[in-house]
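Engineer: One letter stands for each residue in the lines below.
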Amino acid sequence: MGALAAVRASVRAEFTKIITMRSVWIATAVILALHLLIQRANLGSNTAAVTAITPQGTIEIFTGDPEPARGALLDLMVAGSFQMVLFLPVLAALIAGQEFRSRQLDRTLLAVPHRGRLVIAKTIAAAGFLTVVAVLIAMISIFFLYAATRAWDPGLATSADALCGQAGFLALAVLTGLVGLAFTMLGRGTLAGIGATVVLTVLTMTRLLARLSPALDAMLPLSAGRNLLLNPAQNTLSSGPAPALIVLLLWPLVTLTATGIVLYRQDAR
Amino acid sequence: MIEITGLTKGYGATVAVDDVGFTVRPGRVTGFLGPNGAGKSTTLRMLLGLDHPTSGTALIHGRRYRDLRFPLRTVGALLDGAGAVPERRAIDHLTWIAQSNRIPRGRVREVLDRVGLADAATQRAGRYSLGMTQRLGIAAALLGDPEILVLDEPVNGLDPQGIRWVRSLVREYADDGRTVLLSSHLMSETADIADDVVVIARGRIVADGTLEQVTAGHDSLESAFFELIA
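Residue numbers (my numbering), protein chains in the order written: chain A, 1 to 269; chain B, 1 to 230.
Chain B extracted, bound-state conformation (with noise of 0.2 Å):
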């Protein structure tokens, strides 16, 4: 279980995420929602541990992110724009990843397998596509066989099948009674897959709840969304 409370960050005068509160419950795609710069990434790093909030917390089962010995057994995280280094092998990189969290060897190659890159476990990372890099950055997600996702904008980038596999894939974690956590700004992408949703807009929540209950007396999660940011 994810669990943020009064979470803020400000920059000097400028506050880029609001108090924001809410719970990300096992077993359900929870989507998380808002127009670029509304504080989804912002909101996510301090949940990682890689940006300070200034004040408020964010807790994973309990504790903070920082505070976990072997992270990468408990959360799987892909972070929008953070890759591999371009020389380095795919295999390399996920290797090395695999050793700071005592992840055995093995597992580097049974998820290069589940996200279609065995093939290409060998090429260096800068001679990826779009696509490949983002199956790179799910297969690194995956490596601790988590019991939590943290996904942001998983789709950028995929072809249709991919987009597919990435559905199905979130869909059969939290079946599994796992904890799926998948911000993106495609709505209809977010209707398929989530099963509550959180928006965000201007650094705060502005909805939070089950698809069914932000979606009441609207057309469709699009034109949910629209009006609650507007």
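The following block holds chain A by itself, in its conformation from the complex (with noise of 0.2 Å):
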């Protein structure tokens, strides 16, 4: 039977670990049900500022600040999405770290005891459960747009460029929650997994780092998620799209094969 087989057998057992967790439908449902909340709660100011637009195509979501409408309003669903790209990195932290609750990783490696191939397997199967959570979060943030443009613009919600947005979205929440896996299993328990998260997420979030040094800002992954998906016309960003989509796929890439080295050196204690 060939390696590739081994490799489906370890995502299948992947996958099923984390579907079997109570606790990981808790978190997918809270995180859901907050963006639900988010997005039913700004509805109706949304609908009133499309509602006013202007002819020449204006529209001030922040009262003072009008802008194309087009733009304004598919911006405004990139963002809403994107504020929930921090929560799914804690998600993939408890996915990785039942792992170390009851010696979990001991009867893990005694399935899989390549270590190689186990990474690859937690990694595939994580991404697929991320990716299904991240479309959820992209569909609802596409119906509370058309909910509040349908009666100016039907198609703008599932429009090209709406759709590009929210891949760009699907890509950013699938690769940081890959780094919150890759923190968990390195730092050996969801507690790190999610303290790593909380301080890259600070650094991002306060803008300490872009205002001491944009380079270095570019670098953290939040960060890059901002500069590929948020429109330097109204946010101030650190790079351009290309440079964070290369610091973004690289953060789970080096921290995704340091976990593999760590977990092939390391005893498994």
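Hints are computed from structural coordinates only; laboratory data are not their basis.
Errors might be hidden in some of the hints.
What the hints assert, rightly or not - Covered by chain B, according to a simulated footprint, are these stretches of chain A (three or more residues, beta-carbon under 8 Å):
id	region
1	3–17
2	91–104
3	112–124
To be verified - Covered by chain A, according to a simulated footprint, are these stretches of chain B (three or more residues, beta-carbon under 8 Å):
id	region
4	43–50
5	81–90
6	98–105
Values in this document were obtained by computation on a predicted structure and should not be read as measured data.
Each residue gets a CB set at the ideal place from its N, CA and C atoms; glycine is no exception.
With the hints as a guide, dock the two chains, each given alone in a separate frame, to form the complex.
Structural biologist: Here you go:
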């Protein structure tokens, strides 16, 4: 039986581990409910802003700040999805952290002693689950944009530009989620993964590093996400989308490779 | 067959396992005895690819455990303390283990039946008693119908009926021509089950032979053991 069959079996087992954890489902439900609530809360003001779009096609989402309606509404939708990216590494930390409860890692390595195969399987399974959650988040954002704009432009929410923005969000959600997974495995616990995520988030959101050194800020995963997804005309960004995508790809690649090396070299204790 | 040769494990200046070597043959139950901290678990963890030896080899049918593609079909192991995540149902715990080694799903029900947990299959592992947790661990070891069983303290937490059941299970396994390595600190249990005995103390093998050879000149395995580790 080939190595590919072994990888497929390991991925299947890892996916079963994810979907049979009650805490993973609870966290997923909380994240989706939170997104629904935020979107629902903003629906009234967004609908009012759309109703007041001028004949010149400008909108005031923020009072006193007129801007082209189409671009502004698409940015609003992507930003709505983007804020949920903060929670996906926490979900990934819960997924990976189960290995360090009741010494499950021993049982896992007895079943899949090849460390490289195990890391690949974990990555694929977690990426699959995170993709499903991210797609649901994107669908909620699309639905609420449609609800706000259907009287003005019913095709806006499903336009190529809108779907392109959500595709960027999906990539960001999965890639940053995998970084959370890697930090949890490296730190050998859910809290380590959540802690690392919080530190990276705080560094980006406080804009502290961006003020001191934009080049360094551009190397942070969430900053790279902002640089990839947000409109430079409306936001202060630390790099362009191409370097941002490279940074986003490098983070999971480097941290997951480190996870494989550490698992290979260290005892499973 | 299990062949351990010159196995050594050091943590800095401390040597936990020192040049350990022994062979576990098919068709026999080999008891692996030693006081707490003697190096039993560390030896088993190196055999099962969980810990890296500083030097030496531990081979299963001539191969390292880490090199087995679907190891659970060859080796079934119960490790002291390694259990299921409390919030996961027992049946789901065994299902992911089976999937990882392409073991048919029907086998999950079979082993649950065999260890007497069929009625508690959908309970969460956290609700299990110590004895039920131990049975679940044994079920995981039996999943791949392996030729080799490695059991670390298998009777911990079991009631007398459970202890008797483990005894008959390992006997049946060995009588079927399979290999059983049983780590324990319980002398009377080991004396009742084992054909061969390996005694480890302070990280070194102090006796290795048939039960008769090790207990020769002593009233019991227990008295032989205490003299050997003194």
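Engineer: Each hint needs a verdict: does it hold in this structure or not?
Structural biologist: Now for the hints, and whether the structure bears them out:
no.	hint	in the structure
1	3–17	holds (count 10)
2	91–104	holds (count 5)
3	112–124	holds (count 3)
4	43–50	holds (count 4)
5	81–90	holds (count 9)
6	98–105	holds (count 4)
Taken one by one, the earlier hints all hold for this structure without exception.
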